Amino acid sequence: MKLINKNHVVKKMPTRLAVNSICKGLFFLATLFGLLVLAILFYRIFTQGIGHLNFDFFQNFASRRPEEAGVKAALIGSIWLMAVVTPVSLLLGVGTAIYLEEYARKNWITSFIKLNISNLAGVPSIVFGLLGLTVFVRALALDRSVLAAGLTMSLLVLPVIIVAAQEAIRSVPRDLREASYGMGATKWQTILKVVLPAAIPGILTGGILALSRAIGETAPLVVVGIPLFIAFLPQSVMDTFTVLPMQIYNWTSRPQEEFQQVAAAGIIVLLALLILMNSIAVIIRNKFQKRY
Amino acid sequence: MNMTLTGPKKAPTVGIENENADSVFLKETVYETSDLNLWYGENHALKNINLDMYQNEVTAIIGPSGCGKSTYIKTLNRMIELVPDVKTTGQIKYRNRNILDQSYKVEDLRTQVGMVFQKPNPFPKSIYENVIYGPKIHGIKNKKILDQIVEKSLKGAAIWDEVKDRLHENAYGLSGGQQQRLCIARCLAIEPDVILMDEPTSALDPISTLKIEELVQELKKDFSIIIVTHNMQQAARISDKTAFFLNGEVIEYSDTNTIFSNPNDKRTEDYITGRFG
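So the protein lines, in turn, are chains A and B.
According to my numbering, the first sequence is numbered sequentially starting from 1.
According to my numbering, the second sequence is numbered sequentially starting from 1001.
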């Protein structure tokens, strides 16, 4: 005796196939929505800003006259900021992840710390701004310098980098570690020669996402007190400076129509910088993936 | 509890070459395990293990899944410490020094005792880099010496002819059997005294398995080998002594011939005749 009624199965078939197609369509629409909005954004920014994007735009400091306004201080400032944030956040983040995954005992304290780090990744950026203001600007008297802002921004992106690096380190196969330990390698040799090389693509992916966030972030810098209008370049990490998103914010809040175009040009520069950073990361990542 | 352990302590013939050898001589002891107990948390995984293992012999450890044979072999190079919450009592003397003493550095122990794992686990690097990994971490930098080590180790693991023209290609391009022999070469490269093999052929096809078995016969001339295996025929083919583990205890330990032809214990007989396991 058969338990399955074949007629019933045949009758159900069209419905099942229809649901299958409908779901595919729904998910495609979801993707399309995001892409469409992004396309509109790009169209608007490029049509507005492209006219303003010339050599002078990179040569000039900010100005009250839109035709003379340039992005020089902000662009150089953003690069200075990243020059502080990248090494500080990557070294601290990867170091923390290595400690938590490789060295720390697996007990409730470690789990508690890990949970809190994940939670920190969701704390609003303005809170990190207040922290930076209290600790770096006031207590350590770093003033509104590149260093103070860079350290604040590093704190902001640290949790994301730590979590990404932890995931990457954890996904390194156990048998590779065993092979290394089995030949008498110390823990550090194993980490340096086996774990990190295998984890680097993952660490970089997470790191880049975090750094991209740092380069576009404004709120913590507003709280730290980074000026909106500046007409000189920082000479050291102790000088004050401004960054692209702050400069763009300044321009968009001006009443004159021309400044909206200047702002659009600034956004193009910021996007270009982001794409550049991501490309460098992808290149490094592919290089390591080829080797391993 | 089984109180009629046939260990070397109670069977004085063990450790002496069998009678048809020209001269009767005592083999040097490599490992001396006495009253070893091991717990994973609350789980008593090894119970009163007493075993002696000898130089230039192949000692096979057989037994059904979960009998503690893998746990035991991992204790011999303290790889077991990677598992959290492991507790041991008793002694394992390697060349007359207790390795369970925390003053015995694992790094030191593992330069003497190499290990080959169940699944081939080459590093995602070139064949050459895989072999020199061990020597390099021990501080050998001289390119000429490293080149010699690579050739000697790969020859020792009977894989030189297959890979000599592609030493700088990624080891992942090798077949499973070749990868496992590369792992053996990598282990030989640190010039160990003992080689531990934890089911080295369980992931391999019959032909690769045969090659590894032949290799083990070759290797025992220069090394002492301890091999865990699921495969009783394999133990019978390649080992000099066999220990039968069951539920964390050594039921019987004797010459391989004796174990397979005339076992002392009913449970050993049941296992090797395939009545359980």
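Keep in mind that the hints are not guaranteed to be accurate.
Across the chosen pairs, the derived CB separations fall in these ranges [as the list claims (entries may be wrong)]:
no., chain 1, residue 1, chain 2, residue 2, range
1, B, Asp1147, A, Thr31, 52 to 58 Å
2, A, Asp175, B, Lys1105, 20 to 26 Å
3, A, Gly122, B, Leu1082, 32 to 38 Å
4, A, Lys2, B, Asn1231, 41 to 47 Å
Covered stretches of chain B (chain A as the covering partner; in silico rule of three or more C-beta atoms under 8 Å from a C-beta of chain A) [said to hold, decoys possible]:
no., segment
5, 1104 to 1114
6, 1227 to 1240
Under 7 Å between C-beta atoms, here's a sample of chain B residues computed to sit facing chain A [what the hints assert, rightly or not]:
no., residue
7, Pro1084
8, Lys1119
9, Asn1121
10, Ile1190
What the hints contain is simulated information worked out from the structure, not anything from laboratory work.
From a predicted model like this one, the values you see are computed outputs, not experimental measurements.
The beta-carbon is built from N, C-alpha and C at its ideal position, and this holds for glycine as well.
May I ask which of the numbered hints given earlier this structure violates, with the numbers listed in increasing order?
Those not satisfied come down to hint 6.
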